[in-house]
Amino acid sequence: MDILTQQLFNGLTIGSVYSLVALGLTLVYGILHIPNFAHGALYMLGAYVTLTSMLLWNFNYWLAIAISIVVVGLLGVLMERLVFNPLKNSPPIHDKIAAIGILLFLEALAQLVWGADYRTMSTPYGEVVNVFGTTLTMQRVLINVGAVIVMILLYFFLKKTFMGSTIIAMAQNRKGAHLVGINTNKVAMLTFLISGGLAAIAASLSAPINLVFPGMGHLVILKAFVIIILGGMGSVPGAILGGYILGFTESLGATYISNDYKDVIAFILLIIILSFKPKGLFSKEGF
Amino acid sequence: MPAMTKKSIALIVLIIGAMVIPFIIQNEYWLHILTLSFIWSIAVYGLNILAGYTGYLSLAHAGFFAIGAYALGLLTVKAGLNYWVALILACIITSGIGLLIGLVALRTREHFFAIYTLCVGYVIYLVIDKWDSLTGGVRGLIGIPAPSNIGPISFQSAISQYYLILFFLLATVVVMYRIVHSLTGRTFIAIRNSEELAQTIGISTMKNKLTVFVLSTFFAGLAGALYASFIRFIGPDIGYTTIIFDLLTYLLVGGIGTLAGPVVGTILIVSVSQSLQFLQDYRMLIFGPMLTLIIIFYPRGIVGMVSEWKMKWFNKKKKAPAETWKSTYSDSEDVREDKVKEG
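Protein sequences, first through last, are from chains V and D. Numbering-wise, numbering that gives the first Met the number 0 puts 37 at position 38 of the first sequence, and it's gapless, one number per residue. Numbering-wise, numbering that gives the first Met the number 0 puts 56 at position 57 of the second sequence, and it's gapless, one number per residue.
If you're looking for bench data, these hints aren't it; they were derived computationally from the structure. Some hints here could point you the wrong way.
[As the list claims (entries may be wrong)] Derived contacts from chain V toward chain D, CB cut-off under 7 Å, selection only:
| id | residue |
| --- | --- |
| 1 | Val-82 |
| 2 | Pro-91 |
| 3 | Ile-92 |
| 4 | Ala-97 |
| 5 | Phe-104 |
| 6 | Ala-107 |
| 7 | Leu-111 |
C-beta: ideal position from N, C-alpha, C; glycine also.
Model the full assembly from the supplied sequences, consistent with the hints where possible.
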């Protein structure tokens, strides 16, 4: 019983992180219909920027996260401007390859700037709390709470603000959105900004319980792809739901099946899903 | 046709050039690099027929390369089979696994296919890495024999290995040439340009896609098997995703969807990265942006660029209308544009 609750909580924590990463990915997919393989690199850079501003300038954890959101978000915008916008009219295979090119570049850059070693990020919220017999670290609670707040904010942004509506409109029909006077270029940039910001938040929140290294985005991005396929590509609720499903599956699988193979679970899950449902579980697009 | 004969003369010169290179270079190191890039070229040709001609970007090919390499390694080291039998078996095993994976993978399309194969590739890598009792895990497989003698010919020296692999490369190119210029090749291109249209005119897309997928894994497996016997040591690293990104870079730089592209790109990038040895892990700082820039400005790589220039020059001379000389690929791009971006 004790182990089960502990593992469920772990699953919730991992799931929150996955959901945040998958949200950014699914937003970009909904708008531009490109699988952004470089999203994992944005995640990795998010952690590094937070770490650097904390170590180098002794910034407060929250300030560091804010800086990271801005930097990575702008990097996302830059990516859209320099790479994906010029590729608007080319076959989809080109977008994928370009994204892979960016991924390789950013990873090598991180290795050049910060080195290949594994680093740990300290957190002001290291204390342990005891809730109903389970021991939780404050940071893990923070991840859960933070993720939920971000998701709620994102929901209100998309549903209640004008800018958010333009994103939804463009995801539903690009030409239609253009026709009613939405500046699709601006919306694409905005989406990349949000997507980068979400990656930075996810990375900064989870970095203290994981390690920071140039390849840290690899597995996360692959799993985020699994999630958005699970939840339907371009679907926001699907990404959140899929993230939690994968988080629970993994933490329970690690305890009850095999810890060595816990990373394979996601891929096996994906292979099974795509084998039976070639277009994903909920292939309908929308919010 | 004078253009045709010019082309075949150039081809013969190139082949003769490749034959005499070992006598000109006299440098074991560069011969080694050249042989290695020939091996990679074979794998890139496999990727090219799938991604370039049929439009399905498979990210699992590093995995198939590794399967070929490990099949050969295990069959010769652990089962003690004759090298040539093992080579044939390795190719058959890889294509067999390719057939099984293709049957499911090809039900997915476009992005789903890329993501699916990426995951398949990762699973193959993990299986090789974790299945200690069979593959030796992270320690790898040591002592793979060099190709055994055929009659009086032995393949122990670097030069003989060079010729052996050159032979396989030429065979691959010939097979590719024959496929691309046959009805089957045209069918593949039709599928790339529009799968719905291909289906409408009565092409069995699944059968053709499966054929091309198996073919493509066959060449990946062949390259892997040759690699194993050339390097004589293999580790799970050869199945890792970085290898597929390398293969993609070779293909893109040379020219995706062109016949000469794979060999041009591979030789160029492999030799350039050898001269940039000091960069080691940072070579992606150059190759990453290069990949992206090439796909934006020269989607058909060096070969495409050269043929574009040639066509422009030719047009100027003949003063013919430019439209008629548009390549099939740029036509296809126009077609795809509408289809894809509407999503």
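Taking the hints in turn, this is what the structure says about them:
1. Val-82: The hint holds - Val-82(V) has a Cβ within 7 Å of chain D, the shortest such distance being about 6 Å.
2. Pro-91: holds (5 Å)
3. Ile-92: Constraint on Ile-92(V) satisfied, holds at 5 Å.
4. Ala-97: holds (5 Å)
5. Phe-104: Since the shortest Cβ distance to chain D is 3 Å, the answer is holds.
6. Ala-107: holds (4 Å)
7. Leu-111: holds (5 Å)
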